[in-house]
Amino acid sequence: MPELPEIEVVKRSLFKMINKVKIVDIKIMNSNLRYKIPNNFSKNLINEPILRISRRSKYLIFYLKKKVLLIHLGMSGKLFLLRIRDNKVFKTSFYYETNITKRHNHVYFKLSNGFLLIYNDVRRFGFFKLYNNNAINKIPFLKKLGLEPFSKLFDTKYFKKFVLNKKKNIKNLLMDQTFVSGLGNIYVNEALFISKINPLRKCCDLSKTEMKNLICNIKKILKSSISKGGSSIKDFQSTAGQKGNFQQFFRVYGRENKNCSRISCKYKIKKIRISNRSSFFCPNCQI
DNA sequence: AGGCATGTTACAGG
DNA sequence: ACCTGTAACATGCC
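Count along the first sequence starting at 1, add 49, and that's the number in our numbering.
It cannot be assumed that every hint is accurate.
To be verified - Think about it this way: if two alpha-carbon atoms lie no more than 20 Å apart in a straight line, the pair counts; the simulated DMTMM-like pairs of lysine to aspartate or glutamate are:
no., residue 1, residue 2
1, K114, D74
2, K215, D254
3, K251, D204
4, K69, E97
5, K187, E197
6, K192, D225
Since the hints were made in silico from the structure, they are not lab data.
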């Protein structure tokens, strides 16, 4: 589920609820996530107030008094809040899926404000890592990341320099987190569609205008998605018990054999595989 | 039953 | 060094 916009939305909704709150207890139901949660995990976190929550790429970072907690949600990780008093679930807005099941609740953080922060992850590709907060600049996961898409430095100059003598296609370039960090398969497909660029084009062959347009569209799409509460999901339910509104904002992702969403175009969306990931594009609009 | 799924990493081979 | 493809991780859905 989570690409940059979804993580950003989670960050914002969590921050509102748990800023300055202390972790009073932790219950680990299953420590076998992508990396095993170590035995001293709870001991290092209990009684620590959460001072700040930030996001870098698809990572969430909890700044505690002495420690830094790095969280990645993998493909299916979810964080949500449960008010203990009445068992009311507070979504981290964008995704309270209808099919959350208790057996995939792997970690419970009991908070000093009467909430439980619950980590649920069907596939267990997500992870938690704990660091001393003086070592934050040495976190390997973060060190190798490229620019944030919203960075002012993410411009045509940077683009040109990065792709010089590179032979990979533009789809794979955008998926490359050392180039720009936070895009995933869905938003890459969308950005290329909006920018009318064929995913197989060699990245160094893009004109300056195309680069500029693509960069601009990436920023736009991500911002628009954040403002909608994150959209890389299939279904969600807005309030407990109600059936989910089905929202699809995608112009091209998942639309194989459907009409191109540009009204003037009569072609059908094609699906191909690029580096083992599905890619959708319009053979007419995306050149 | 088999293929596919929003992410990342490791490895083999060109 | 760069690039691509494949597999792995675990589970559910069609």
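Quick rundown of the hints versus the structure:
no. : hint          : verdict
1   : K114 <-> D74  : holds, 16 Å
2   : K215 <-> D254 : holds, 10 Å
3   : K251 <-> D204 : holds, 18 Å
4   : K69 <-> E97   : holds, 9 Å
5   : K187 <-> E197 : holds, 18 Å
6   : K192 <-> D225 : holds, 14 Å
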